[in-house]
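Just need the whole structure built from these sequences, with the hints factored in.
From first to last, the protein sequence lines stand for chains A and B.
Per the UniProt record's numbering, residue 1 is the first one in the first sequence, and the count goes up by one each step.
Per the UniProt record's numbering, residue 1 is the first one in the second sequence, and the count goes up by one each step.
Keep in mind the hints are simulated off the structure, nothing from the lab.
Please note that the accuracy of each hint is not assured.
Repeated chains share a single entry, so a pair holds when one copy, or any two copies, can fit it.
Said to hold, decoys possible - DSBU-like cross-link-like pairs, simulated, lysine-lysine; straight-line CA separation at most 35 Å:
#, residue 1, residue 2
1, K160, K17
2, K119, K160
3, K165, K119
4, K17, K119
5, K35, K17
6, K35, K16
7, K24, K119
8, K24, K35
9, K165, K35
Now for the letters of each chain:
Number of protein chains: 2
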Amino acid sequence: MLHFSGSLTRLVGELKKLPGVGEKSAQRLAFHLLKHPSNIEALAQSLLQVGERVHLCSVCFAITEDDPCWICSGERDSGTICVVEEPQDLLALERSRAFSGRYHVLQGALSPLNGVTPKDLRIAELMQRLQGGEVREVLIATNFTVEGEATALYLTRLIKPLSIKVTRLAHGIPVGSDLEYVDAATVQRAVEGRSEL
Amino acid sequence: MLHFSGSLTRLVGELKKLPGVGEKSAQRLAFHLLKHPSNIEALAQSLLQVGERVHLCSVCFAITEDDPCWICSGERDSGTICVVEEPQDLLALERSRAFSGRYHVLQGALSPLNGVTPKDLRIAELMQRLQGGEVREVLIATNFTVEGEATALYLTRLIKPLSIKVTRLAHGIPVGSDLEYVDAATVQRAVEGRSEL
Numbered sequence: 001m002l003h004f005s006g007s008l009t010r011l012v013g014e015l016k017k018l019p020g021v022g023e024k025s026a027q028r029l030a031f032h033l034l035k036h037p038s039n040i041e042a043l044a045q046s047l048l049q050v051g052e053r054v055h056l057c058s059v060c061f062a063i064t065e066d067d068p069c070w071i072c073s074g075e076r077d078s079g080t081i082c083v084v085e086e087p088q089d090l091l092a093l094e095r096s097r098a099f100s101g102r103y104h105v106l107q108g109a110l111s112p113l114n115g116v117t118p119k120d121l122r123i124a125e126l127m128q129r130l131q132g133g134e135v136r137e138v139l140i141a142t143n144f145t146v147e148g149e150a151t152a153l154y155l156t157r158l159i160k161p162l163s164i165k166v167t168r169l170a171h172g173i174p175v176g177s178d179l180e181y182v183d184a185a186t187v188q189r190a191v192e193g194r195s196e197l
Numbered sequence: 001m002l003h004f005s006g007s008l009t010r011l012v013g014e015l016k017k018l019p020g021v022g023e024k025s026a027q028r029l030a031f032h033l034l035k036h037p038s039n040i041e042a043l044a045q046s047l048l049q050v051g052e053r054v055h056l057c058s059v060c061f062a063i064t065e066d067d068p069c070w071i072c073s074g075e076r077d078s079g080t081i082c083v084v085e086e087p088q089d090l091l092a093l094e095r096s097r098a099f100s101g102r103y104h105v106l107q108g109a110l111s112p113l114n115g116v117t118p119k120d121l122r123i124a125e126l127m128q129r130l131q132g133g134e135v136r137e138v139l140i141a142t143n144f145t146v147e148g149e150a151t152a153l154y155l156t157r158l159i160k161p162l163s164i165k166v167t168r169l170a171h172g173i174p175v176g177s178d179l180e181y182v183d184a185a186t187v188q189r190a191v192e193g194r195s196e197l
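Right under this line is the structure:
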C-alpha cells in the first residue's frame, strides 16, 4: 500500500486477519469499500453492534443477544439435549427442522495435539445440566472428524453412567448423492445402518 | 441466520455486499469475528478511520489523507502526467518504480453501455491541469480493455491539439512468460514493438 494512507494500510491489515483473505483480496475489499463510502459506515456500525450485543447464552453457550437464548427460554423439549461443537453447527441443525429439543454448544472439540482438553470445552457445564434428572437423551452431533469422534466417545463414557440415553447422528449416503461417487467407508456405514421399508 | 441475533444477521448482510463474498462466506466471516472479539473492534475502528480520513486528492484524484497528496505536493516531475483509471492502478505503477512524474486518476473508464460518459470521469480536471503549459507528456495508462482503449483514444484526440506528447504503455510479452502460451495478439504487438539490442 506504500505510504499513501496509514488508515487504509491499517484497514488492509485488519481485513487480512479474516479467513481466506490475503493481501490482494484485502486490498480489493478496501478499495471496493472506498468506492462505496456508505457501506464503510454501515459495516463499521454493524461490527460494533455485534461486538456489543452478541454474547454466549449462559445455559447452552449458543450465540445470542438475550440471556438465556430463545431456545433455552422457549417451549422446546427440555428432555433432549443436542451437543454440537460450534454455534454454526446449531444453525445447520435448526435449518433441518428435525430436532425439537435444546442444545449445548461445546465451543470446540477435543484435540490434545492442539492443546484442547476437556477443561477448554463447556463439558463441565453440560454435565451440570444433566444433574437435574430431567434429561432423557443426549444427541451427540459433533463433527465426523477425528476430533469430533474423539469428543463423542469421551462424552459417551461420561454420560452413560448417569443412565441417560446417548445417541449419535446417523452415518449414510447424503441426500441427492450418486452412489458411484460416495466413498467406501460411507457406503459401509449406510449398509450397516440400512432401514426396512 | 434464523432469528438468533438481529445484529449478526445485519453484519452478514453488510459483509455480503463485499465483492466475492456470498451468504456462506459472509456467515463464515461473521462467526470467525465472533470468535475473535478484539478483531471486531479493531476492524470497526479502522473502517471508521478510513471513512473519516481517506478522500480524493483535489489535484490528481488519487486516494490520500492529506490534500494535495504526497505525489502532487512532492518533488516529482510535473512535466509528465500519467493517466490511470483507478487508484489501485496508480499503486501498480508506483510499485514498478519506473515512473517519476505525477498522476491523474480518472476514477473509471468510458463505457457508454454502462452509462459512463466523459462527464462522469475526471477528464475536465485533467484538461485544466494541462492548460498551464508546464506538462510536456501525458502517459496514458488506462487498462487494455475495450473501455480503457476507448478512453485512451478519446484522451489522445483531446490532448494532441494542445501540442503535448501523448504516450501509451507498451504492449508486449510479460516478464517471465513462456512464449508458447502467449496469445497471438500480444505476440503480434511484441514483434511490432521489437527493440534493437
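Evaluated hints:
1. When the C-alpha separation of K160 and K17 is checked against a cutoff of 35 Å, the pair qualifies neither within a copy, at 41 Å, nor between copies, at 48 Å.
2. In this assembly of identical chains, K119 and K160 lie within 35 Å of each other by CA distance solely inside one copy; the values are 20 Å within and 75 Å between copies.
3. Proximity of K165 to K119 under the C-alpha cut-off of 35 Å is restricted to the intra-copy arrangement: shortest distance 23 Å within a copy versus 73 Å between copies.
4. Proximity of K17 and K119 under a CA criterion of 35 Å is satisfied intra-copy only: 27 Å inside one chain copy versus 39 Å between copies.
5. Proximity of K35 and K17 under a CA criterion of 35 Å is satisfied in both settings, with 22 Å inside one chain copy and 12 Å between copies.
6. Taking CA atoms no more than 35 Å apart as the test, K35 paired with K16 passes in both settings, with 19 Å inside one copy and 16 Å between copies.
7. When the C-alpha separation of K24 and K119 is checked against a cutoff of 35 Å, the pair qualifies only between copies, where the shortest distance is 31 Å, while the shortest distance within a copy is 39 Å.
8. In this assembly of identical chains, K24 and K35 lie within 35 Å of each other by CA distance both inside one copy and across copies; the values are 17 Å within and 24 Å between.
9. Taking the shortest alpha-carbon separations for K165 and K35, only the inter-copy value of 32 Å comes in at or below 35 Å, while the best intra-copy value is 57 Å.
Checked against the numbered hints given earlier, this structure breaks only hint 1.
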